[in-house]
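Trainee: Line order of the protein sequences matches chains B and V. For the first sequence, my numbering gives the first residue as 1, with consecutive numbering after it. For the second sequence, my numbering gives the first residue as 1001, with consecutive numbering after it.
Don't take every hint at face value.
Restraint ranges, calculated between C-beta atoms of paired labels, are given here [as the list claims (entries may be wrong)]: (1) V/Arg1139 <-> B/Leu376: 24 to 34 Å; (2) B/Leu357 <-> V/Glu1064: 22 to 32 Å; (3) B/Leu414 <-> V/Ser1014: 38 to 48 Å; (4) V/Ala1202 <-> B/His754: 23 to 33 Å; (5) B/Tyr763 <-> V/Asp1174: 34 to 44 Å; (6) B/Leu783 <-> V/Arg1139: 41 to 51 Å.
Everything labelled a hint here was simulated from the structure, so no lab data went into it. Where is the CB? At the ideal position from N, CA and C, for every residue including glycine.
Listed here are the chains, written in short residue letters.
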Amino acid sequence: MSRSLLSRWLLLGEWQAHRLQIVVALIAIALGIAMGFSIHLINTAAVNDFSAAAKSLSGQSDFQVRATQPTFDEMLYPLLAQHESVAVASPILEIQAAVPGVPETDKNNTLKILGIDVYHAAAVTPDLVGVPAEGRAFDMLSDDAIFLSPAAMEWLAVKQGDQLSLRLGTQTVALRVAGGLVRAHAGQRIAVMDIGAAQWRFNHVGLLSRIDLKLKQGVNHPSFKAALEEELPVQYLVTETVDQERRIHNMSRAYRINLNVLALVALFTGAFLVFSTQVLSTLRRRPHFALLRVLGLTRNQILLQILREGGLLGMMGSLLGLGLGYVFAATALHVYGGDLGGGFFPEIKPTIQMSPLAALLFFILGVSVTLLGSLLPAWEAAQAHPASALKSGSEEMALAKLRTPWPALICLLLAAVLTHLPPVAELPLFGYFAIALLLIGGIAWMPSLTALFFSGLFRVFNRLTTGALATLALARLANAPQQAAIALGGVLVSFSLMVAMAIMVTSFRISVEDWLTRILPADLYVRTEVRQDALGFTLQEQQEIAATASIERIDFIRSLQLTLDPARPTVTLIARPIDQADPGHTLPMIDNALNPAEIPLEAIPIWVSEAMVDLYDYQVGKRVALPLSEAQQDYIVAGVWRDYGRQYGAIQMQLTDYKKITGERHVNEVALWLQAGVAPEEMIASLKALPFGESLTFWQPNVIRAISLKIFDRSFAITYLLELMAVGVGLLGVAASFSAQALRRVKEFGMLRHIGVTRGQIYRMLALEGGLLAGFGITIGFLLGGSISLILIFIVNPHSFHWTMELHPPWQWLLIMALAMMMAAAVTALLAGRHAVAGNVIRTVKEDW
Amino acid sequence: MMKNTAALELRGISKTYANGRQVLSDLSYALAAGEYVAIMGESGVGKSTLLNLIAGLDIPDTGEIWVDGVVLSAEDDEAATSLRRRDFGFVFQAFHVLPHLTLLQNVALPLLLNHLPFDRAQQMLVAVGLQGREQDFPRQLSGGELQRVAIARALVHRPRLVLADEPTGNLDPDTAQEILQLMRSEIKANGAAGIIVTHSQAAAATADQILLLSKTGLQPVLSHQRV
Ligand SMILES: Nc1ncnc2c1ncn2[C@@H]1O[C@H](COP(=O)(O)OP(=O)(O)OP(=O)(O)O)[C@@H](O)[C@H]1O
Ligand SMILES: [Mg+2]
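Taking the hints into account, I'd like the entire structure generated from these sequences.
Mentor: Written out as C-alpha cells, the structure is:
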C-alpha cells in the first residue's frame, strides 16, 4: 500500500510540474491511435457493406455462369436448366441504365437494373423479387413495370405508380414504377424487372449477363464446377460467391492498405513523440531516480515506476484516441463516403459499426507503443550507478552511447537493400519496411550527426570570429547535442514525412496532368449516355456524325469490359485507330515498344497498360489469347502504355482488327478534331440537331481534365489532413522539449545574467540555437523525406497500383515549408526561453535544482 | 548493549577506477555502534569513493565490507538496496530532495519504503525546526533549510548508520554550525552511528573522533596534530 502511495506521489508530482509535456504526449498518442482506428473503421465499414450488398445480389446460388464479355447468348440457358445436377437455373440480365437529368459528373449516375425470371429468381435470389401493388400481381411480368429499392426510389424521387425514363445508348425507355423489392440492402440503389421485358425494352434481345445455379442435394460442388468448365466453351466462366468477394477485396486492397500504412505512419509519428518525451523526461529525472535508489528503491521498483507512468499515459491517450477516431471516421464517412473519395465503392452508403475487438487491439497497440517508449530510458535509469547519476550533468553521459552511428547506418543500409526486393502478394511490403527503416535509421543517426556537424561548425566559427553569444550557442550545440537531437527527432519525422508526401503527390499530380493531355488529344469527345457495356452508336449513326460539317478528323472508339480472371476486376478493352508506325502518337507509351516490322502477320498487335504487365504478365513481345471470338486467334503485346484511369488493366487494339474479329459494328465513343476556327460549342449544337442528338453527351478535354484533377485532389485530401496533423504534433513536441530544456538551463541563464549578459542577449542566443538546430534537422529531414518519396514513387506506387510516374519535386513549396518550420522552431525556442528567464534567474544559481 | 560489536567493518578494501586510477588500497577500519566520526583528507584522496563503497553504491575490487555482521555482497544488488533502505541514512552536499514532493512527503520517503507509520515524519520536521512548513515545496526553502529536510529524512526511519558527504559545503559558517549541531544531536538521539566527510575543522570537531584518509589508510588524528 505504501509503495503504491509513493508511486502516486511521484507520478502526480511529475505530471503537475510538467503539464505541457504530458499534454503533448497525450495528444501524440491520441492522434496516432485516432488516425489508425478511424481509417480501420472506415475501411471495414465500406468493405463489409459492399460485400453484403454484393452478396444479396447473388443470393443463395451455388454458382454463377457468366462470360468473359458482359453478355452472352441465351441459348446457353436451356442447356444449364436441363443439366442433371442443377435444381434451379435463374437467368439474369444486368443493365446499367443512365438516368436523364443526373449530371454525368456524379460518379454513379447510372441505375443498375436486373432483368429476372421471377419464378426462378424466387428460389435463388428471393430478396430481389418485386412487390407489386395490391391486385396487380401481373406487374411482375408486365413489360413496362420496374421495381425499385427504397434507396433508388429516394435517389430518383419517385414512388409507386410514377413514370420513370431511363436511357441506354441512344435509346430512351419509359417505364412505370410498379413497386418495391422484397428486401434490399440498406442504401443500395437497384431496380428489378421481368427479364423478357428488359431484353426487349433495352435492346438486348436474346442476351443474358449471368445464370445463377442452385444444385441438387448431394451434388459434389468442386467436381460439378470442374465438369461444367470442361463442358462449356472457353468464353464462359463458372464463379462462386467467394470469387465475387475476393474480387471486391482485390479491387480496393491496394488503396485500403495504403491508407492503413498512412495511419501506421501517423501512429509511428505519435509513437516516436511519446518515445522522445519519455526519454527526455526520464533523463531529466535521472538524479531523482538515483536518489531513490540510494534511499533504498530497487532496480525493478524504479523500472516499474517509470513503466507505470508510461502505461498510464498510454492508456489515457489510447482511450482518448479511440473516441477521437470514432468521431473522425463518422465525419469522414459523412463527408467523403466509404472510399474517402477514392471511387471504389459506389452505390452504397456505409455506416460505422463499433467493433470492440478492433478497439481493444488499437488500445493494446497504443499502450504497448507507449510502454516501449518508456522501457528503454527506464532500463537505462534503473541500471545507472546511483553514485554517478546523482552528480549533475550525468545525463549526457547516459546518452553518450547514442553517439555510435553504427546501428543507424545498418538500418539505412538495410533499407537500401530492401528497396531491391520484389512485392509480396502484390503488395510493396519491403518498400514499407524500407521506409520505416529509413526513418528509424535517420533518427538514430541524429545524435552522432549533430555532434559531428556542430563541433565542426564550432571549430570553423571559433577561428573566424569572437562573437560571444554565437560562440555560446554553438558551444552548447557542439557539446550537448544528444538531448538536442532527441528534441529534434519529432520535427525530423514529421517534416520528412511531409516532404515525402508532398514530393509524391506533386509528382503524381503532374504525371496525371501530362497523361490527361496526351490521352485526350481531340477537341471534343462524344458518347452515348452510358459508356460501359452499352451497344452504342449504330453504323448509321456513325455515318451521320461523320457527315456533320467542320470536322477535321474523326476517330471511332469501342470500349468494353473483359473478364480475364474471375477473381480480379474486369479489364477494359479499347478498340480505336492507332498509329501503328508510332503508337506514341495515340497512346502515352513508356519505351520499349515493338517495331512495326517485328509484329508477325498472323498475330494481332495489342498495346497494354502497365497493370497488364504486373497482373497478367503481358510482357512486350508475348503472345496472348483474348476471349473475343470463338475462333482461335493470336495476339501479340506490341507495347506498354501508362494508364492512370484503370488500375485493374486496360488493353488497346486497332478498331479495324476488333471489327474483323468480332464482326461488331457498334462503337460507343467518338473523338472529334475540329477545323480551325470552329468552336466546340458550335459543333455540339450541330450534333444535338441529329435525330439521336438528345441522348449524346459531350466532353471537352479541359472539362475531363478539371474533373479528373478534382477527383485526384479529393482522394488526397485525407492525406493532407494526416500530414498537417503530424506536423502540428511534431511542432508541439519541439515546443515541449525546448521549454523543458530551457527550464533545466535556468541556472546557466542565471550565471550568464550574473556575469553581465542582458536578457535580450539570452533571447537572441536561444533563438539562434533553436534556428540552427531546426535548420539542421530540416536539412536532414529533406534528405530523408526525399529518399522516402523515391521509395513511394518508384516502389510503393508501381507495386500497389501498377503504374509508374515521373519525379517532380515541388521545390518552391518545399522551400516555403522549410522556412516556415525553421521560423516556428526559432520562435518556439525563444518563447520557451522567455518563460524560463522571466523569473528571478539570478537567485537560481544558489540552488541546486 | 553489545558495545564491542562493530556497526561497520572494512577489511582490506581496494578500489581502482576503470580509468586505471587507484584510489583506495588495502584499507581496514571498524566503526563501533553509536560512534560518530569525521573523515578528513585532501581533495581527490577518495573520501566520497569510500562512502559510496560503504553505502553499497559502488563495489570494491578487493576486500569485504561488513555492516551489522552481514557482508555487503558485490553481486546482490537487492540485498545492498534493502540494507540501505533499512539501516542507512544519507545527507549530501547538494541536499538532493525531490523537487515535486512536499517537505513532509520528502521526509516520509524512507518510512514509505520501509512500511513504517508516518507520524515520525512530522515529528522529525519539528525536530529540525521546520514545523508549519510541511506542505511547502523544496523550491520555497533556503539551502540551510533544505539541509535540515535532508537530515530529517536521513534519520526518520531510525537507521543504524548515517553517511554525510560534506553536508555543509554549500552553507555559510553560521548555518553550517547550526546544521552540524543538529545532525550530531539527532544522530545521538536516535542511537545511530555516523560518518561525516568534511574539509572543515570546525565541522570535524563536532564528531566524537576525527579520521584522516590518506594514501596510507585511515588514521585517527590526535587533537594536537590538527592542521
Ligand atoms: N567515476 C569515476 N571514474 C574515474 N575516476 C573517478 C571517478 N570518481 C572519482 N574518481 C577519481 O577518484 C579520485 C577520488 O575521488 P573522490 O570523489 O572519492 O574524492 P574526494 O576525496 O571525495 O574528493 P573531494 O574532497 O574533492 O570531494 C579522484 O581523483 C577522482 O578523480
Ligand atoms: Mg568528495
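Trainee: Tell me if the beta carbons of B/Leu783 and V/Arg1139 are separated by a distance inside 41 to 51 Å.
Mentor: holds (44 Å)
Trainee: Just to be sure I understand the hint, the distance between the Cβ atoms of V/Arg1139 and B/Leu376 should be within 24 to 34 Å; is that true here?
Mentor: Given about 30 Å between the Cβ atoms, the range holds.
Trainee: Is 23 to 33 Å a correct range for the gap between the Cβ atoms of V/Ala1202 and B/His754?
Mentor: holds (29 Å)
Trainee: Could you see if the CB distance from B/Leu414 to V/Ser1014 stays within 38 to 48 Å?
Mentor: holds (47 Å)
Trainee: Evaluate the given range 34 to 44 Å for the C-beta pair formed by B/Tyr763 and V/Asp1174.
Mentor: holds (39 Å)
Trainee: Range first: 22 to 32 Å. Now tell me if the beta carbons of B/Leu357 and V/Glu1064 are that far apart.
Mentor: Once the Cβ atoms are compared, 59 Å apart, the range 22 to 32 Å for V/Glu1064 and B/Leu357 is violated.
This entry does not satisfy hint 2, going by the numbered hints stated previously; all others are met.
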